[in-house]
Amino acid sequence: MANPKPLPSISVNANCIKLLLSCCLAASLHGQQSLESAYRTTGPSVTAVFEAQRAVLQKSSAVILDGRKERAYGVVISADGYILTKASEILDIKAIAVTVDATKYTEVKVLETDPAWDVVLLKVEAADLTPVIYAPKSDVPQGTWLVANGASSRSNRRALAGIVSAKIREIPVGGTGPMAGVALGIGLTENSKKLEIENVAEKGGAKEAGLEKGDIILEIEGKKVTKKEDIAEILKDRASGTKVKVTIRRGKEEKTLEVRLMARTEMMGPESNRNDQMSGDFSKRRTGFPRVMQTDILANSAIVGGPLIDLDGHCVGMNIARANRAESYAIPVEDLKSLAERLIKKAPAK
Amino acid sequence: MIKIHLTCLFLAFLSAAAPAAEGRLYVNDLKAPENRKDVEAIQSALQKALPQARAATVCIDLGEGSGTGVIVSADGLVLTAAHVAQGVKKKVTVILEDGTRLKAETLGLVSDKDAAMIRITEKGTYPFVAMDRENSTVLGDWVFALGHSGGFDKTRGSVVRLGRLVRIADGTFQSDCILIGGDSGGPLFDLSGKLVGIHSRVGQQLQMNMHVPMSVFLENWDGLNKAEFIGDGPYAKKPEKGKGFLGFASEARPEGGLRVTKVGKKSPAETGGVKEGDVLLKLNGTKLETRDQLKDLLKEMAAGDELKLELERDGKPQTLTFNLGER
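These protein sequence lines are chains A and B, in that order. The letter at position 92 of the first sequence is residue 92 when you use the numbering used here, and the numbering goes up by one with no holes. The letter at position 37 of the second sequence is residue 37 when you use the numbering used here, and the numbering goes up by one with no holes.
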């Protein structure tokens with residue numbers, strides 16, 4: 001094919017101007033201008049600049065699969081196949097598979113779980129994986145760029161960038177505010193001298209355990225309870241997901257049941273919170289972490305669990321929850337390192 | 001002929017593009033950052049602007065719920081959204097980043113554009129930010145948002161988010177700084193730390209984050225400062241006429257005027273300085289003759305409206321100016 005001839009310069013100018021003019025006209029006609037999606041913060045033309053960090057995610061982040069469905073990401077922490085991921089997103093998978101780089105592993109051992117951090121240790125049979133390189137510290141200034149997994153294709157990871165957006169801190173069970181803390185999932189009759197159950201929440205642990213309306217609560221964890229405050233005192237510092245022994249009297253019978261505690265916020269339907277409606281998707285477990293760093297990376301609940309990478313390609317943390325549309329949490333690197341060591345130590349020897 | 005036209009347009013385009021604002025970060029004029037140096041330039045500009053921006057960003061506690069605002073003058077003028085202020089001359093609490101709670105009152109608002117002004121009523125020198133008075137932001141500029149997402153949380157602080165100005169339409173900025181409830185009324189800054197907008201609303205999509213541009217505040221500055229209720233909704237509802245409340249009893253005098261026989265405790269009248277025995281002569285310039293006439297005048301006013309009472313106390317003329325309360 002012949003090389004295309006360059007157009008006469010005036011004609012080039014004229015074309016340019018026409019184009020500009022039509023843009024201007026269109027803009028003024030509708031009174032609006034819009035940035036092409038490629039150039040928005042999550043657009044490919046912007047994320048392309050984070051190719052070096054994406055290359056780290058390609059090697060050192062794992063994709064946790066349930067059949068063909070991506071359920072979470074993971075952090076590769078050793079060459080011989082140890083991977084950390086978010087427990088509550090993957091523990092129900094029956095046939096778990098893991099992809100690292102372009103290799104798919106279908107023999108995956110689910111080893112130790114840490115309920116406080118909601119992290120589980122996985123193991124695949126491998127010898128030459130590229131583990132993350134830990135950053136010296138998580139306490140980097142707010143506004144610092146960080147990169148995490150975006151949605152990925154079968155063989156390619158994608159990068160999403162954001163910044164450190166708030167202080168490192170603890171996230172109490174149920175978050176901060178009036179709905180903080182865990183509960184059994186029962187309502188008690190008012191003005192009664194006994195702790196009599198008036199109703200049982202549909203989604204709560206009490207329902208699962210078989211507590212019923214009319215049951216009288218006598219003891220929790222072997223301690224006598226006679227008023228609401230006694231229950232609150234016993235539940236105060238307990239974590240969501242842990243169980244307590246509840247002794248009740250039903251008719252003439254006394255029995256002890258194990259009730260799973262849940263964050264109050266988990267027991268309510270999504271319609272109860274306007275911010276959750278606004279957020280669309282969020283992690284099932286998003287509160288009750290000993291310490292988190294916060295980013296504005298637009299994670300959805302299926303892309304947490306992977307490493308959080310700084311511009312040097314070092315791992316400053318592990319993405320652990322999408323709290324809402326504006327707030328994502330990560331386990332800071334110091335805690336991640338000690339958690340990794342602890343879980344590997346506890347895991348049964350090969 | 002055609003050639004001349006084209007040249008004119010071309011020149012016009014050149015001159016429009018020529019004046020790059022001073023202090024404007026070069027990365028704003030790239031379609032996208034191209035290398036590590038470019039992203040680090042964004043990061044260092046943001047980190048330089050952040051401490052002052054953060055110090056000036058406040059939580060506005062409304063009792064039932066909260067929003068965000070930003071201080072724009074050393075004596076404590078705060079800009080926020082109309083749907084946060086909800087009305088004029090209302091008492092609210094402003095919370096600084098360190099948790100200090102300050103008394104404040106809402107001034108004016110633009111109810112159809114979601115803009116409002118608040119004044120911290122406690123004397124002090126407050127950290128504040130500069131406003132972009134030249135409307136200098138353009139599509140694609142890098143911006144950052146601050147706000148007390150979900151409410152004030154001292155251990156977390158206000159939350160910063162980075163993004164670009166992705167759409168300008170019908171006098172509204174849209175950015176991809178992701179906002180959520182509690183951020184309403186919070187500030188959007190350019191990378192030099194100048195205030196360019198106030199958070200207003202979001203759409204279901206993550207990229208639908210709307211901000212009121214600074215120009216709306218600047219065009220309505222005097223009205224905002226004078227506590228006027230501007231526009232007709234939908235972001236704030238004008239108080240209904242006839243529901244205003246003064247809080248005193250009076251009787252008509254045969255020679256004209258109304259004698260105050262009783263003043264309600266903590267009523268707007270008492271706060272405004274009305275005393276038992278005062279003889280009210282004029283309300284907003286209209287001579288007062290009978291109690292029914294006073295009622296009719298008040299029916300035409302709404303809570304928050306200013307009233308000027310000319311009266312006689314111990315034989316001396318006096319003028320009181322205060323606002324009608326809510327029943």
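Since the hints were made in silico from the structure, they are not lab data. Think of the CB as a built atom: it goes at the ideal place given N, C-alpha and C, for glycine as much as any other residue. Treat the hints with caution; some may be incorrect.
In silico DSS-like cross-links for lysine-lysine, where the CA-CA straight-line distance does not exceed 30 Å [said to hold, decoys possible]:
#1 B/Lys154 <-> A/Lys337
#2 A/Lys252 <-> A/Lys193
#3 A/Lys167 <-> B/Lys103
#4 B/Lys103 <-> A/Lys137
#5 A/Lys167 <-> B/Lys48
Some chain A residues judged to face chain B by a derived CB distance under 7 Å, without partners named [unchecked claim]:
#6 Gln33
#7 Arg40
#8 Gly143
#9 Arg169
#10 Ala232
#11 Asp296
#12 Asn324
To spell it out: a stretch of chain A is covered by chain B in this simulated footprint if at least three of its residues, at any positions, have a beta carbon under 8 Å from a beta carbon of chain B; those stretches are [to be verified]:
#13 101-115
#14 325-336
Supplied contact hint for A/Ala232, tested at 7 Å Cβ to chain B: violated, 22 Å
Tell me if the straight-line CA distance from A/Lys252 to A/Lys193 falls inside 30 Å. Roughly 18 Å between the alpha carbons, so the hint for A/Lys252 and A/Lys193 holds.
Given that the region 101-115 of chain A was listed as covered by chain B, double-check it with a C-beta distance under 8 Å for 3 or more residues. With 0 residues in contact (Cβ-Cβ under 8 Å with chain B), the coverage given for the region 101-115 of chain A is violated.
Would the hint on A/Asn324 stand, with a C-beta cut-off of 7 Å toward chain B? holds, 6 Å
Taking 30 Å as the top limit, are the C-alpha atoms of A/Lys167 and B/Lys48 close enough? Status holds; Cα separation ~17 Å.
Hold the hint about A/Arg169 up to the distance rule: shortest CB distance to chain B must be less than 7 Å. OK, holds: A/Arg169 within 7 Å of chain B, min 5 Å.
Chain B contact restraint for A/Asp296 - C-beta distance below 7 Å: holds, 4 Å
Quick check on the hint: A/Gln33 CB to chain B CB, less than 7 Å? holds, 5 Å
Between B/Lys103 and A/Lys137, is the straight-line Cα distance small enough, at 30 Å or below? violated, 40 Å
B/Lys154 and A/Lys337: Cα distance at most 30 Å? holds, 28 Å
Count residues of the region 325-336 of chain A with a Cβ under 8 Å from any Cβ of chain B, then say if the count reaches three. As far as the region 325-336 of chain A goes, the hint holds, because 3 residues have Cβ atoms under 8 Å from chain B.
Hint A/Gly143 vs chain B: min CB-CB distance below 7 Å? A/Gly143 check passes; min Cβ-Cβ to chain B is 4 Å, inside 7 Å.
Figure legend: structure checked against the earlier numbered hints; hints not met, in rising order: 4, 10, 13.
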